[in-house]
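J.: Using the numbering used here, the final residue of the sequence shown is 278, and nothing's skipped along the way.
One or more of the hints may lead you astray.
Stated by the list, open to error - Pairwise CB distance ranges (calculated):
| # | residue 1 | residue 2 | range |
| --- | --- | --- | --- |
| 1 | Thr115 | Ser229 | 22 to 30 Å |
| 2 | Asp129 | Asp92 | 39 to 47 Å |
| 3 | Val197 | Gly40 | 44 to 52 Å |
| 4 | Gly143 | Ala176 | 20 to 28 Å |
| 5 | His261 | Gly40 | 22 to 30 Å |
| 6 | Glu140 | Pro178 | 31 to 39 Å |
| 7 | Pro263 | Leu131 | 16 to 24 Å |
| 8 | Glu95 | Ser138 | 22 to 30 Å |
| 9 | Leu131 | Val197 | 16 to 24 Å |
To be verified - Derived DSSO-like pairs (lysine-lysine); straight-line CA-CA distance at most 27 Å:
| # | residue 1 | residue 2 |
| --- | --- | --- |
| 10 | Lys209 | Lys71 |
| 11 | Lys109 | Lys127 |
| 12 | Lys239 | Lys184 |
| 13 | Lys109 | Lys71 |
| 14 | Lys209 | Lys239 |
| 15 | Lys184 | Lys209 |
| 16 | Lys248 | Lys184 |
| 17 | Lys184 | Lys109 |
| 18 | Lys248 | Lys209 |
Because the hints were derived from the structure by calculation, they are not lab data. If you're wondering where the values come from, they're calculated on a predicted model, not measured in any experiment. All C-beta atoms, glycine included, are put in the ideal place defined by N, C-alpha and C.
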Amino acid sequence: MSSAKKALILLSGIVFIAIAGIGAVFAVFVKLAEVQFTPGAEIYLRDVYVVIDQTLSMAQGQRREARDMLKEEILREMGPGDRIFCYRIGSDFRESSDRVFTSSRDLPKIYENITAVAPADLPEAFKSDLLVRWDRFSRERSGWIERLDNLDSPQGNYSDYLGTLEEIARRINSPADPNLGREKWLIVLGDLKHEPVLSSPPVPGSNEKRQFHEVHIHMVYPGGIHQRSEQERIERFWKQFFTARGAKTVNFISYDGFIGHFPRHQVPGPETLGLAGK
């Protein structure tokens with residue numbers, strides 16, 4: 001065998017070994033990346049405040065639609081790491097009587113980096129832990145749905161939207177809550193008409209001008225419930241109320257338009273994790 005052939009064979013062997021070595025090193029780094037997955041702090045990803053109007057100012061079918069919208073378009077789209085606080089509209093807001101349901105202190109948080117990796121790349125221990133959190137969340141959500149199904153219309157002749165929203169304003173960005181969600185949502189389901197009717201909303205105090213800062217606000221109403229001029233008046237009223245309190249955008253949308261609008265949770269579920277039925 002010529003020296004040139006020997007050199008070529010030797011060079012080929014060196015290249016093969018080098019490639020194999022690079023592949024082995026890459027595999028080790030991938031394995032280390034899996035082992036060193038950093039979950040981050042346990043937090044709530046979203047705080048969702050919902051106001052639902054069940055007063056007699058809306059027809060029975062419209063009140064039922066509001067309950068269905070909350071159940072199917074909001075609750076079904078939530079998951080571990082989401083909190084929810086639900087209040088109904090009454091004639092004179094009282095937190096104790098107009099609270100429909102709220103998240104318990106046992107509602108599971110979620111790792112802040114859980115959505116940064118593909119479910120298949122999560123270590124097995126984290127997959128099993130997520131399954132436990134899903135079970136706890138699902139049991140609590142069943143309780144919310146039961147309370148919603150048993151919700152009655154309040155007594156009285158007025159719809160106190162302002163009283164309800166002013167209470168939420170004090171809570172939604174409160175520094176006194178150490179567990180504030182990373183995102184904050186406010187969804188109002190109803191005819192949006194505060195009664196008695198006011199020409200303009202109250203002016204916020206100096207410490208109330210950022211209450212709805214960075215809150216996603218959606219005012220959701222039955223399509224065609226108001227004449228155009230009345231709908232425009234209502235929208236102006238609430239835009240003034242929220243923007244004076246730090247909101248950048250206030251979205252008005254019909255029941256039908258809200259279908260599929262609320263983002264689905266991003267936390268891997270049992271099916272995605274390959275643990276369904278375990």
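J.: Among all the numbered hints in the text so far, which are the ones the structure does not match?
T.: As far as the earlier hints go, 1, 6, 9, 10 are violated by this structure, in ascending order.
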